[in-house]
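Participant: Work the whole structure out from these sequences, hints included.
In order, the protein sequences belong to chains V and X. Be aware that the first sequence starts at 1, since it is given in the numbering used here, and climbs by one per residue. Be aware that the second sequence starts at 1, since it is given in the numbering used here, and climbs by one per residue.
Please note that the accuracy of each hint is not assured.
[Claimed, not checked] Here are the simulated DMTMM-like cross-link-like pairs (lysine to aspartate or glutamate), alpha carbons at most 25 Å apart as the crow flies:
1) X/Lys457 / X/Asp415
2) X/Lys313 / V/Asp99
3) V/Lys354 / X/Asp271
4) V/Lys354 / X/Glu272
5) X/Lys313 / V/Asp41
The hints are simulated quantities; they were obtained by calculation from the structure and are not laboratory data. Bear in mind the structure is a predicted one, so any value in this text is a computation, not a measurement.
There are 2 protein chains.
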Amino acid sequence: MTDYRVKTLEYGHSQAAAFLKNLQDLVSIPSISTDPDHKDDMLRTANWLADHLRQIGMEHIQIYPTAGHPVVYADWLHAQAETVLIYGHYDVQPVEPLDEWHSGPFTPEVRGENLYGRGTSDMKGQIIAAISAIDSILKQGPLPVNVKFMLEGEEEIGSPHLAAFMQEHTDLLKADIALNPDAGMIAPDLPTIVYGLRGLAYFELRVYGPAHDLHSGIFGGVIHNPAQALCELIAGMHDNQGRVTLPGFYDRVRPLSEQERSELARLPMTDESYLEQTGSPITWGEAGYTSAERTGARPTLEIHGLLSGFTGKGSKTVIPAVAMVKLSSRLVPDQDPKEVYQQLLAYLHANAPKSIRWELIEMQGGKASMSDPNLPATQKLAKALETVWNKKPVYKREGGSIPVVGDMQEILGMDSVLTGFGLPSDNVHAPNEKLHLPTWYSGIDALIHFFYNMGEK
Amino acid sequence: MTDYRVKTLEYGHSQAAAFLKNLQDLVSIPSISTDPDHKDDMLRTANWLADHLRQIGMEHIQIYPTAGHPVVYADWLHAQAETVLIYGHYDVQPVEPLDEWHSGPFTPEVRGENLYGRGTSDMKGQIIAAISAIDSILKQGPLPVNVKFMLEGEEEIGSPHLAAFMQEHTDLLKADIALNPDAGMIAPDLPTIVYGLRGLAYFELRVYGPAHDLHSGIFGGVIHNPAQALCELIAGMHDNQGRVTLPGFYDRVRPLSEQERSELARLPMTDESYLEQTGSPITWGEAGYTSAERTGARPTLEIHGLLSGFTGKGSKTVIPAVAMVKLSSRLVPDQDPKEVYQQLLAYLHANAPKSIRWELIEMQGGKASMSDPNLPATQKLAKALETVWNKKPVYKREGGSIPVVGDMQEILGMDSVLTGFGLPSDNVHAPNEKLHLPTWYSGIDALIHFFYNMGEK
Numbered sequence: 001m002t003d004y005r006v007k008t009l010e011y012g013h014s015q016a017a018a019f020l021k022n023l024q025d026l027v028s029i030p031s032i033s034t035d036p037d038h039k040d041d042m043l044r045t046a047n048w049l050a051d052h053l054r055q056i057g058m059e060h061i062q063i064y065p066t067a068g069h070p071v072v073y074a075d076w077l078h079a080q081a082e083t084v085l086i087y088g089h090y091d092v093q094p095v096e097p098l099d100e101w102h103s104g105p106f107t108p109e110v111r112g113e114n115l116y117g118r119g120t121s122d123m124k125g126q127i128i129a130a131i132s133a134i135d136s137i138l139k140q141g142p143l144p145v146n147v148k149f150m151l152e153g154e155e156e157i158g159s160p161h162l163a164a165f166m167q168e169h170t171d172l173l174k175a176d177i178a179l180n181p182d183a184g185m186i187a188p189d190l191p192t193i194v195y196g197l198r199g200l201a202y203f204e205l206r207v208y209g210p211a212h213d214l215h216s217g218i219f220g221g222v223i224h225n226p227a228q229a230l231c232e233l234i235a236g237m238h239d240n241q242g243r244v245t246l247p248g249f250y251d252r253v254r255p256l257s258e259q260e261r262s263e264l265a266r267l268p269m270t271d272e273s274y275l276e277q278t279g280s281p282i283t284w285g286e287a288g289y290t291s292a293e294r295t296g297a298r299p300t301l302e303i304h305g306l307l308s309g310f311t312g313k314g315s316k317t318v319i320p321a322v323a324m325v326k327l328s329s330r331l332v333p334d335q336d337p338k339e340v341y342q343q344l345l346a347y348l349h350a351n352a353p354k355s356i357r358w359e360l361i362e363m364q365g366g367k368a369s370m371s372d373p374n375l376p377a378t379q380k381l382a383k384a385l386e387t388v389w390n391k392k393p394v395y396k397r398e399g400g401s402i403p404v405v406g407d408m409q410e411i412l413g414m415d416s417v418l419t420g421f422g423l424p425s426d427n428v429h430a431p432n433e434k435l436h437l438p439t440w441y442s443g444i445d446a447l448i449h450f451f452y453n454m455g456e457k
Numbered sequence: 001m002t003d004y005r006v007k008t009l010e011y012g013h014s015q016a017a018a019f020l021k022n023l024q025d026l027v028s029i030p031s032i033s034t035d036p037d038h039k040d041d042m043l044r045t046a047n048w049l050a051d052h053l054r055q056i057g058m059e060h061i062q063i064y065p066t067a068g069h070p071v072v073y074a075d076w077l078h079a080q081a082e083t084v085l086i087y088g089h090y091d092v093q094p095v096e097p098l099d100e101w102h103s104g105p106f107t108p109e110v111r112g113e114n115l116y117g118r119g120t121s122d123m124k125g126q127i128i129a130a131i132s133a134i135d136s137i138l139k140q141g142p143l144p145v146n147v148k149f150m151l152e153g154e155e156e157i158g159s160p161h162l163a164a165f166m167q168e169h170t171d172l173l174k175a176d177i178a179l180n181p182d183a184g185m186i187a188p189d190l191p192t193i194v195y196g197l198r199g200l201a202y203f204e205l206r207v208y209g210p211a212h213d214l215h216s217g218i219f220g221g222v223i224h225n226p227a228q229a230l231c232e233l234i235a236g237m238h239d240n241q242g243r244v245t246l247p248g249f250y251d252r253v254r255p256l257s258e259q260e261r262s263e264l265a266r267l268p269m270t271d272e273s274y275l276e277q278t279g280s281p282i283t284w285g286e287a288g289y290t291s292a293e294r295t296g297a298r299p300t301l302e303i304h305g306l307l308s309g310f311t312g313k314g315s316k317t318v319i320p321a322v323a324m325v326k327l328s329s330r331l332v333p334d335q336d337p338k339e340v341y342q343q344l345l346a347y348l349h350a351n352a353p354k355s356i357r358w359e360l361i362e363m364q365g366g367k368a369s370m371s372d373p374n375l376p377a378t379q380k381l382a383k384a385l386e387t388v389w390n391k392k393p394v395y396k397r398e399g400g401s402i403p404v405v406g407d408m409q410e411i412l413g414m415d416s417v418l419t420g421f422g423l424p425s426d427n428v429h430a431p432n433e434k435l436h437l438p439t440w441y442s443g444i445d446a447l448i449h450f451f452y453n454m455g456e457k
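Facilitator: Given below as structure tokens:
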């Protein structure tokens with residue numbers, strides 16, 4: 001290890017409190033992209049990032065407006081080496097149900113080894129980890145590799161304007177490889193490289209019955225209750241083998257090879273670990289597949305929200321006029337979200353009874369992606385992780401969706417290496433989201449190694 | 001017609017504006033019994049009624065506390081004649097969804113021939129009709145019949161404390177017949193006497209999945225989504241013939257006789273009229289029965305509310321930890337709400353998968369009731385209705401539930417005659433509840449005739 005690298009690591013360790021303080025400042029801004037009431041907070045977050053990138057010595061800082069929330073860009077291009085485009089998103093998920101949080105989602109609080117707050121793990125913590133690594137190196141001298149940052153504000157709503165932004169700025173964003181730290185680790189002692197991501201197709205379905213709410217005594221028995229009709233439609237979307245019944249849903253699904261199945265079987269993603277993490281009584285899912293396969297390599301259909309009629313305290317005997325479900329499908333190669341929309345439409349046309357009216361709204365969509373685990377940059381990341389954890393990383397297919405990975409490949413012709421220092425127990429998208437700080441600090445070390453490795457031949 | 005009766009009717013007509021003002025004052029108090037925040041409003045309403053009964057000349061006014069909301073009692077017992085116990089409930093249903101009201105639910109407003117506001121039809125309007133009839137008679141001289149008022153504040157939550165109240169006050173409440181004006185008319189030109197009422201068994205079912213909300217990407221596919229499981233359970237509660245599948249649900253249902261079916265077939269409750277009133281695309285229900293039979297003489301199972309996960313604006317990719325449904329069954333003779341609870345429990349034990357946990361909460365229950373259309377008091381009411389509308393009343397089985405009718409029979413040994421001057425289009429239990437004022441004024445006339453008829457041999 002060069003003196004330069006050792007000094008950088010030592011500097012990083014000396015700044016642990018300052019890095020944490022930066023993360024707490026960033027988490028304090030409620031950048032909920034899906035909620036129009038937080039539009040100003042989105043801009044505040046972008047400005048915070050731009051200022052911070054300027055302070056650590058990044059150049060050409062620019063906040064690019066889009067039709068939605070802005071993109072923050074910065075670069076440092078003085079190395080005689082390859083260029084790494086660091087992707088991040090500074091937006092976060094909504095915080096409901098608020099009363100289940102033990103501390104305010106936007107008043108980040110350290111308890112034990114964790115920092116609690118919305119976005120600590122997904123993914124403001126990962127952005128600050130990358131910035132802190134760059135900061136540590138720049139404090140010692142020039143970067144060993146050219147670096148560009150592209151930090152968007154719309155990942156949690158499906159990045160609706162990022163593809164257009166990339167299409168308009170292909171020269172600006174040109175790089176040899178993208179680093180995407182929005183993936184995570186399987187366990188604190190298990191450095192992880194993600195080579196596959198699921199896609200997403202998200203919908204809202206509304207079922208309409210009577211023109212207005214009705215008295216269930218006077219009218220109960222003669223009209224189809226839309227809440228009941230909605231439940232009947234939802235219930236029919238899976239068969240008794242846990243398979244999704246939308247017509248043609250599995251037609252495009254790339255089958256798992258025997259080799260991949262045996263590799264996935266080596267991951268510590270056992271039924272027991274899933275039960276421990278979820279608190280569910282037993283596992284459930286598509287017949288014929290293991291839990292690791294079900295989350296990583298098979299598509300699903302999930303219900304995110306149900307709303308109809310009277311949901312307050314006490315009882316009200318009403319037949320509701322409307323019932324709503326939010327649902328999404330996680331996709332695997334080579335499914336297409338547009339096709340899943342058509343499949344859901346076809347299911348509804350075939351199964352919705354004439355006794356109700358319905359409306360299907362397409363909310364967001366993105367394809368799944370797969371990358372080659374043997375890319376040079378991936379190997380350099382693997383080496384960095386191994387240096388820090390003293391253990392070879394595992395390779396996994398991730399159940400979550402990062403549509404930007406596929407879009408970057410398509411628009412910028414650029415592969416991504418995926419990592420991240422969040423854990424499955426981080427409660428991302430849920431109350432009490434947290435970040436495991438020892439893992440996060442190791443992650444900063446690993447990124448320092450990665451950037452040095454990228455500068456080596 | 002005696003001069004006395006004619007003078008009373010004329011007096012009543014002269015007081016049309018004052019009677020309406022009284023009703024508006026009463027409707028202005030938001031007496032939502034199910035909402036603990038309105039506890040003081042319940043007491044205000046009881047006091048308003050006590051004061052008003054005192055003003056018109058009723059005696060022995062008393063507000064009886066119960067373990068819930070109070071009962072208002074008053075009487076006038078100077079006639080050498082039978083005693084009529086007038087039942088009413090001064091509580092109302094909740095008002096959600098509030099944004100669908102065209103005027104405030106508690107700022108009653110006359111538009112066209114209707115008075116809009118929560119409780120105008122169900123049943124503050126009916127209480128004021130009875131009080132206005134008594135008031136009109138007392139202004140001319142003594143009542144032709146003895147009268148007692150029993151006005152409760154918990155009908156919309158299943159009258160949980162009324163049975164105990166009646167048991168404790170059997171002497172106070174002793175009477176020859178009860179008048180219950182909580183039923184309604186089929187159409188403004190069709191005076192209606194109700195001889196059958198459905199019962200009610202109301203539940204809340206909660207389905208629990210993971211210990212907390214989860215990221216649907218990381219965990220989608222390996223655990224049973226509780227919102228999906230709830231929908232599957234709800235969907236299974238009806239078969240494809242619209243029949244309820246709870247085990248033993250129909251065992252106690254009293255079959256319709258051919259004579260009753262042919263009588264019900266004469267009512268103007270056609271599919272067309274139901275579609276016009278509800279705005280539904282087509283009717284729906286239990287195979288083998290007409291719409292009039294489905295609402296009046298057959299039991300049902302209805303969904304009143306669904307709630308799970310993320311229901312706000314935009315999208316959130318969460319697997320919810322819990323899903324909830326409010327549901328109830330309308331019962332016919334000789335079903336028992338306690339048995340329906342056991343049947344629902346049995347259904348859940350048989351059908352709920354091991355992949356979720358569930359909890360069933362019994363909210364309220366009451367048996368169905370039937371009365372003899374040939375009771376003398378019923379015939380005197382029929383004559384009163386015919387005098388005003390110049391048309392023989394129709395006899396119907398009502399889809400709604402008035403459990404007090406069965407309880408009065410059981411506890412006080414007293415039959416009820418049921419009528420009322422609300423219409424199916426009154427939006428009871430729904431936004432924009434209203435009362436058709438011309439029908440209501442005719443109703444006051446009819447009640448004046450009824451009390452005089454009761455005083456005749």
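Participant: Would you mind marking each hint as holding or not holding in the structure?
Facilitator: Tested hints:
1. X/Lys457 / X/Asp415: holds, 19 Å
2. X/Lys313 / V/Asp99: holds, 19 Å
3. V/Lys354 / X/Asp271: Holds - the C-alpha atoms of X/Asp271 and V/Lys354 are around 15 Å apart, at most 25 Å.
4. V/Lys354 / X/Glu272: It holds: about 16 Å lies between the C-alpha atoms, which stays within 25 Å.
5. X/Lys313 / V/Asp41: Distance ~17 Å between X/Lys313 and V/Asp41 Cα, so the pair holds.
Consistency with the previously given hints is maintained throughout, with no hint failing.
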